[in-house]
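Enquirer: Protein chains in written order, with this note's numbering: chain A, 1 to 305; chain B, 1 to 257.
Hints were generated in silico from the structure; no laboratory data involved. Among the hints, a few may not be true.
As the list claims (entries may be wrong) - Derived pair list, reagent style DSSO-like, types lysine-lysine, alpha-carbon separation capped at 27 angstroms:
| no. | chain 1 | residue 1 | chain 2 | residue 2 |
| --- | --- | --- | --- | --- |
| 1 | B | Lys205 | B | Lys139 |
| 2 | A | Lys143 | B | Lys122 |
| 3 | A | Lys258 | B | Lys122 |
| 4 | B | Lys139 | B | Lys180 |
| 5 | A | Lys48 | A | Lys142 |
| 6 | A | Lys148 | B | Lys179 |
| 7 | A | Lys302 | A | Lys292 |
| 8 | B | Lys122 | A | Lys71 |
| 9 | A | Lys198 | A | Lys142 |
| 10 | A | Lys254 | B | Lys246 |
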Amino acid sequence: MKEESKVMTAREAVEKFVFDGATIGLGGQNVGRMAMAAIHEIVRQGKKNLTIYGCNLSINMDILVGAGLVKRCEAGTGNLEYFGTTFCFRRAIEQGLMEMEDYSHLGMISRFLAGEMGLPFMPTKSMLGSDMLTQQVKSTGKKYELIKDPWNADEPVLLLPALKPDVALIHAQRADAMGNVVIDGFLALDVELARASKHTIITCEEIVPEEKIRSDAERTSIPYLYVSAVVEQPFGSHPAAAYRYYDYDADHVKYYQKCAREGGKALEGYLKHYILDSENFDDYLEKVGGIKKMIALMKSMKRMV
Amino acid sequence: MADFSIEELTVIEASRYINDGETVFAGTGLPLMATMLAQKTHAPHLCFVAETGPIAPIVLPTPLSVSDPRLQYRSVRLGSLREVLGCLLQHGMMDVGFVGGAEIDEFGNINTTVIGDYERPKVRFPGSGGGNDILSHAKRILIITRHEKQRFPKRCTYITSPGYINGPDARAKAGLTSKKPQIVVVTRLGVMEINPETGRFQIRKLMPGSSVEALLEATGFRPDINGRIENVAPPTDHELTTLREKVDPQGLYSKKV
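Could you put the whole structure together from the sequences, leaning on the hints where they help?
Expert: Written out as structure tokens, the structure reads:
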């Protein structure tokens with residue numbers, strides 16, 4: 001078997017697989033393993049009218065919203081936990097600039113599960129009795145169906161429709177040129193998301209030889225069949241962590257949160273300096289502290305694995 | 001015994017509601033602090049899971065997120081949201097679901113979504129996350145939060161995560177699998193617990209320096225006060241030193257109660 005290499009730059013991958021009006025699934029969670037190099041590239045290319053799907057959307061989504069590129073989210077939460085809420089997300093919803101359709105995390109996972117198995121919907125026992133079933137944005141249409149369990153007619157069961165995003169953005173530790181992916185640490189929603197999506201862009205810390213994958217295939221998290229592009233981008237998850245590689249950058253997360261909370265010129269300044277005026281993600285990494293910062297984050301992770 | 005703060009005792013009291021050997025699904029912040037304290041004092045065999053996938057980690061101080069590498073340290077398995085939320089929580093294998101600050105009403109319903117109109121809210125909060133899943137499926141619910149009147153309204157205007165919804169049988173009617181879970185909320189003023197017969201909170205314990213009047217004053221609904229009301233026991237030296245030295249040595253969370 002001879003597969004063509006899927007290796008390309010983040011710019012090429014976004015040009016090829018992300019388009020105006022696309023539905024995008026975001027992997028990783030909170031301050032762990034986010035495809036930030038791809039997010040920055042979407043901002044630079046100004047892909048707009050995006051719909052974002054995910055579970056715990058974080059800085060990845062918030063930057064796209066802050067740049068005015070998102071018309072709708074379907075997710076479990078926009079949240080940075082200790083570091084606060086996602087402020088651009090919050091502001092955009094409060095000002096009526098963006099739609100948010102709420103699900104629980106298991107609700108979203110159930111929808112990706114249906115998508116990855118080629119099923120039209122998935123049952124769940126979450127969300128019952130909550131206002132996620134009584135209130136929704138008008139454009140959503142039929143959000144769910146409530147049925148009686150066919151084998152136990154006393155029990156209501158919720159059906160949620162499948163999700164098949166146009167493209168998934170996932171950051172992994174390693175991949176080969178074919179697109180076989182190895183994720184270290186928690187998996188969050190990433191495996192289900194990749195299999196449910198029409199295309200998946202993998203950004204990774206390092207590209208490894210195909211032979212390395214074949215000699216240790218139990219470790220393959222996502223096989224190449226689901227992957228459209230492989231982008232090698234060391235520290236590509238910054239300011240989020242990549243397990244076994246580097247810790248999250250709490251200082252930069254706090255700085256982003258300060259700009260996002262303030263909005264206006266502070267947010268514009270952040271987007272301009274760190275993203276729009278950067279040639280690529282390496283350029284951004286220099287601006288956030290360069291090699292000294294990256295080594296410090298690597299050392300911090302080394303103490304924990 | 002050493003001096004202690006009410007914030008510290010709140011975390012300590014919450015930790016006492018976790019029994020040894022139980023499976024615990026806890027969010028970061030105060031719920032995780034109390035869970036870790038339980039593990040390092042009276043419940044060494046508790047199994048903690050985080051929603052991103054870690055199962056039974058030896059948590060390092062001090063995680064700031066469910067995605068924190070400190071929460072993955074020496075886990076027996078680094079799994080996925082599907083495994084934790086679906087195969088453990090929805091499956092019915094989590095004894096305790098432990099959540100933090102939010103808007104909580106007299107039936108134990110939690111709002112973490114919106115205040116005001118859903119499409120054009122006055123205030124937009126983060127949303128459910130795994131919170132709805134925890135309240136839907138855990139056998140017991142623990143809540144630790146600040147005690148302020150606006151956090152304890154009579155009714156949540158939006159139910160993100162269901163307590164007893166609007167009465168003692170409402171969970172069963174809605175189709176929830178755990179029909180009458182114990183729901184306990186621990187605050188700096190005291191401990192309230194849902195009475196499964198009424199579906200409403202009743203006052204069970206008071207913290208040192210608190211009173212029924214003080215608790216009612218800071219609560220937007222009127223919890224039942226007819227049952228026996230105990231005093232929260234002061235911390236033991238072991239609880240206090242473990243909290244300070246091993247659970248939250250930087251004191252990142254203890255001021256958030």
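Enquirer: All hints, please: hold or fail.
Expert: Hints, verified against the model:
1. The suggested pairing of Lys205 (chain B) with Lys139 (chain B) holds, with an alpha-carbon distance near 22 angstroms, which does not exceed 27 angstroms.
2. Distance restraint check for Lys143 (chain A) and Lys122 (chain B): the Cα-Cα separation of roughly 23 angstroms lies within the 27 angstroms cut-off, and the hinted pair is therefore satisfied.
3. The hinted pair formed by Lys258 (chain A) and Lys122 (chain B) meets the criterion: a straight-line CA distance of about 21 angstroms does not exceed 27 angstroms.
4. A distance of roughly 8 angstroms separates the Cα atoms of Lys139 (chain B) and Lys180 (chain B); the hinted pair therefore holds under the 27 angstroms criterion.
5. Pair hint Lys48 (chain A) plus Lys142 (chain A) holds up; C-alpha atoms about 25 angstroms apart against a cutoff of 27 angstroms.
6. This hinted pair checks out: Lys148 (chain A) and Lys179 (chain B) have alpha carbons roughly 17 angstroms apart, not beyond 27 angstroms.
7. Among the hinted pairs, Lys302 (chain A) with Lys292 (chain A) is consistent with the structure: their alpha-carbon atoms are about 15 angstroms apart, no more than 27 angstroms.
8. Taking the CA atoms of Lys122 (chain B) and Lys71 (chain A), the gap is near 19 angstroms; set against the 27 angstroms cutoff, the hint holds.
9. Restraint check for Lys198 (chain A) and Lys142 (chain A): the C-alpha separation of about 23 angstroms stays at or below 27 angstroms, so the hint holds.
10. Simply put, Lys254 (chain A) and Lys246 (chain B) have alpha-carbon atoms about 25 angstroms apart, close enough for the 27 angstroms limit, and the pair holds.
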